[in-house]
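K.L.:
Each chain, letter by letter, is given below.
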Amino acid sequence: MKILAVCGMGLGSGLLLRMQAEKALRQLGIDADLEVADIGSARAMAQTADLILTSNELAEQLGKVKPRVVTISNFVDLKEMVEKLRAALVKT
Amino acid sequence: MDALLAIVKFLVDEIFSKPFYLVGLMTAVGLIALRRPTSQVIGGTVKATMGFLILVAGAGTVVNALEPLGKLILGATGASGVVPTNEAIVALAQSKYGALTAWLMFLGFLASLIIARATNLHYVFLTGHHIFYMATMLAVILVTVGMAGAGAAIVGAILLGTIMVIMPAFAHPWMKAVTGGEKVAMGHFGSLGYIAGGLAGQIVARVAGKKGKSSEEIEFPAGLRFLREPMVGTAVAMLVIYVVFAVWYAGRGDVGLARAAEAVGMNATWGSYLMAQLLNALNFGVGVAVILLGVRTIIGEIVPAFAGIAERVVPGALPALDCPVSFPYAPNAVLIGFLTSVLGGLISLLLIAWGLGKAWVLTLILPGMVPHFFTGGTAGVFGNATGGRWGAAWGGFVNGILITFLPAFLLKVLGALGFANTTFGDADFGWYGIVIGNIAQSKGTTGIVGMLVAAVVLIWFASWFQRKYVEKGWVPGKAAARAAKK
Numbered sequence: 001m002k003i004l005a006v007c008g009m010g011l012g013s014g015l016l017l018r019m020q021a022e023k024a025l026r027q028l029g030i031d032a033d034l035e036v037a038d039i040g041s042a043r044a045m046a047q048t049a050d051l052i053l054t055s056n057e058l059a060e061q062l063g064k065v066k067p068r069v070v071t072i073s074n075f076v077d078l079k080e081m082v083e084k085l086r087a088a089l090v091k092t
Numbered sequence: 001m002d003a004l005l006a007i008v009k010f011l012v013d014e015i016f017s018k019p020f021y022l023v024g025l026m027t028a029v030g031l032i033a034l035r036r037p038t039s040q041v042i043g044g045t046v047k048a049t050m051g052f053l054i055l056v057a058g059a060g061t062v063v064n065a066l067e068p069l070g071k072l073i074l075g076a077t078g079a080s081g082v083v084p085t086n087e088a089i090v091a092l093a094q095s096k097y098g099a100l101t102a103w104l105m106f107l108g109f110l111a112s113l114i115i116a117r118a119t120n121l122h123y124v125f126l127t128g129h130h131i132f133y134m135a136t137m138l139a140v141i142l143v144t145v146g147m148a149g150a151g152a153a154i155v156g157a158i159l160l161g162t163i164m165v166i167m168p169a170f171a172h173p174w175m176k177a178v179t180g181g182e183k184v185a186m187g188h189f190g191s192l193g194y195i196a197g198g199l200a201g202q203i204v205a206r207v208a209g210k211k212g213k214s215s216e217e218i219e220f221p222a223g224l225r226f227l228r229e230p231m232v233g234t235a236v237a238m239l240v241i242y243v244v245f246a247v248w249y250a251g252r253g254d255v256g257l258a259r260a261a262e263a264v265g266m267n268a269t270w271g272s273y274l275m276a277q278l279l280n281a282l283n284f285g286v287g288v289a290v291i292l293l294g295v296r297t298i299i300g301e302i303v304p305a306f307a308g309i310a311e312r313v314v315p316g317a318l319p320a321l322d323c324p325v326s327f328p329y330a331p332n333a334v335l336i337g338f339l340t341s342v343l344g345g346l347i348s349l350l351l352i353a354w355g356l357g358k359a360w361v362l363t364l365i366l367p368g369m370v371p372h373f374f375t376g377g378t379a380g381v382f383g384n385a386t387g388g389r390w391g392a393a394w395g396g397f398v399n400g401i402l403i404t405f406l407p408a409f410l411l412k413v414l415g416a417l418g419f420a421n422t423t424f425g426d427a428d429f430g431w432y433g434i435v436i437g438n439i440a441q442s443k444g445t446t447g448i449v450g451m452l453v454a455a456v457v458l459i460w461f462a463s464w465f466q467r468k469y470v471e472k473g474w475v476p477g478k479a480a481a482r483a484a485k486k
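In order, the protein sequences belong to chains G and F.
Just so you know, the first sequence maps onto residues 1 to 92 in full-length UniProt numbering.
Just so you know, the second sequence maps onto residues 1 to 486 in full-length UniProt numbering.
One should not assume that every hint holds.
Within a straight-line C-alpha distance of at most 30 Å, the following computed BS3-like cross-link-like pairs (lysine-lysine) qualify [claimed, not checked]: (1) Lys47/F - Lys66/G; (2) Lys183/F - Lys478/F; (3) Lys183/F - Lys23/G; (4) Lys79/G - Lys96/F.
It should be emphasised that the hints constitute simulated quantities derived from the structure, not laboratory data.
Chain F with its partners taken away, still in its complex shape (with noise of 0.2 Å):
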């Protein structure tokens, strides 16, 4: 019997609470079940182990290079701000919720397949790294409120599965626009984003009388092309934030450059401070390289798995796919969503800091390089198809205000997290967090009862809306276009 003990004890602590172990343990899961030959499955378990500890070893370099922009931001403006970015909010929060991330993880895509075969919402969720994201964010909801063991993993995995099938149903007549009737969904949480600005596209078609021309018929100047590349964009963004924050706390009359450098450990001569930025820049762009490598990794072992027993168990289901699938259908609609959604996280920032951040208590948000690229170029594609190259920018535009708003406002359902300096970034992970981290609050059963609730509630509507539109063939923007031949 105590042997018994000694080996169960054995297994909770060293292996069920390590999440990297986990993640190693459910891809071999996967990959057996799919009768993979022993080599495949000890490579792929070996891989997807050493890739959940890469991004652990990234989110150190991450870690380094946002301490001191938080002293500088606090140091100047007197309020805190933060950079939303997925990848790095991701690694940092696995070193305290990793094991119930790996769980929800695992048990989260089979509650999406059981609710996509029990329902009419018949989607396959497929972005890996979404379903690990978001897994990350729940996990750290339900243990700030104190939840944690069995309860936790079957809450945060019915809230998981959740989202992967309702988002892709809501986004789907606006992707019908964009793809034209392709067999393939939209599986990003961005997806609020996107019906946003598939609405700002319908909107300025009908304000125009018609749908504008497509962004496809303009020549864009190929200097901007350097933006497709995001790690570059990351960093040149970055090191803008650095440098006017840094140069805007030791500027401060009261402050001045001695002080300032002590303050976040630096020389206190302009050159050494400043080149201190440039390198605290490119460290941050290199720690989310080593995440992504790392998160490259463990979900290169566990989609191809995942996809294989869903074909089995939810036949002809619609797969969901990552944003950028939705890229070729309108390139220069992804650049121009990218720079309009920068703008409008750029005024909206100056609102924050302008009034309503002192009314709701909000902390700035700084744009994020890597959300505002995807989902910001998304919504412009969305925003392409139903209102044109107005539509277009107006996508963006209305995504980026999405996605400053959001984050600050989720910050405070995210406990110790929510002082990280960065932050989850994409609309879904803003409005599902906001939804669920409030009815969280309320702690004990209540609590629980209402985020089931909540789940079956969005479960029913989705369920409503795949057959009220997307089964009768809706397609938005249709009505516009018509109207415009004529």
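Here chain G stands alone, though its shape is the one from the complex (with noise of 0.2 Å):
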């Protein structure tokens, strides 16, 4: 399974998305490969992923995907990484 990560540059908060959701993960023993990407690369990158997490602003922006997009309101809240990626993966 790949998981992207995306944020405006591609650099900071998308790598600490992908920081948290690799912990979330390891919580919830789920392997995964992540990944971060830049919104203009984004929706490209999206083909062949999974899931994209990212915040709230940017999904709207990113429009559209082929994978499920679940949004993150706080990047620093490792609950609510838990519950959104459990909701998201666990049950399917």
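Dock chain to chain to rebuild the complex, using the hints, since each chain is given by itself in its own frame.
P.N.:
Rendered as structure tokens:
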């Protein structure tokens, strides 16, 4: 499974999302490849991803993409990340 | 003995002075320290090394695109001009300053952990690209005044470690106003602009006698959304800059199209001359995109290693994170701050062009979209937190003034790199570079002692600020908010 963390430039906050998601996935016992993308190339990269993690504003800008988009409002809240990833990944 | 010497010489010449291998090596050290599996260590090391080489490849594209711009601006106005873009200047600097930069990044991070542990400034700066950019700027300043080797690495590391812990502390009271007290600090070298933005909001609230309505109560036109895409914004803004100066140059009575086109090596028909500008603008965007891919690849490997080490060395420290972390708290304020920051930048540019430039011997600073978007946007969020929507507007505006005047003065201490048509944009590069750069000018021992004294004074001041304001729980704008409720 491939998860894409998207932010404006694909640098700081995207990497933060990736690191938080890594921690959360370890808790959930799920194995996944994580990659960071900037909003400019995210639509193209979304083609091969299974899930996208980003903020509300950028999700709006991203528009309709093939994989499911999970929006995170508090980038440092691990609980939110765990719950949203569990909701998106575990029941399927 | 000879064999040993040969090995040392090989290591020094072929590895320790090649920034890409150094960066790979440091990544390996970090990943091994975290006891990551071998496959991850190898993968991360190779990726970080290649990331650095990708960045260098992007630098070539940016140089080619910027060269004609320098000529056009000089030809049109008679003054030189630069477009501050961190990514561009950092990539350009690596061929000459890369090795020292890599050392500074690694040693500076360790220095920041030591300072964070030894003082009350418990912040861990985790914005990898800004550590990299600041390391580059300090390397340039130190090499420019003739420092090299272990001395430069140690002094530079202390300076880098210092700025990495003091800025999150200074920005923290306002950051709390933004986040409502979340356990996160601001780790971005535009922080002087954010503090100024927060203060501007406080002034707005005081003048009005209450905190105005939040920016988030405005309906924003959806047509402005494309502005949130920095790559597009950069290419479009660069196109405007290229075309304005190309037309201005060719339109001068004493130059004309034929001579202007010849000076920049383009065909002398209007169609071809203007289309060449379009290609330049797009190529600049391409170069920045390639550089970003390189930076992303490097920090994607290094930052997790850094974070793992930091958790062990300074447990419980506040993570200081990249500025877009503040964006979800006030997305409209981001756009307001961005637009007013560009406005502040343009007005400052006119001031420089109309007189201040001559009086202070300044270069024209044209608005770089990347710094204006991210730092202007964040200053808007800070201004909104203390002064509502008008606070956001003035916050961005003040930031725009700062990131136009500071780079103009910074160029003077960057030596040969001061003539590169681009430079560091964000406010902290400006103020810190100017302070350290000017102290470093008094070369030799005086300069070194001066820089170290500056670091100690800054840490002491930040530590006092932390005790007096941050730990006491002071949150700016609270008084105004309380007054508004009454």
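K.L.:
Check whether the Cα positions of Lys183/F and Lys478/F lie no farther apart than 30 Å.
P.N.:
18 Å, holds
K.L.:
Holds or violated: Lys183/F with Lys23/G, Cα cutoff 30 Å?
P.N.:
17 Å, holds
K.L.:
Starting from Lys47/F, check that the Cα of Lys66/G is at most 30 Å away, please.
P.N.:
28 Å, holds
K.L.:
Run the distance test for Lys79/G versus Lys96/F: straight-line Cα separation, threshold 30 Å.
P.N.:
45 Å, violated
Violated hint for the displayed structure: number 4, the only one.
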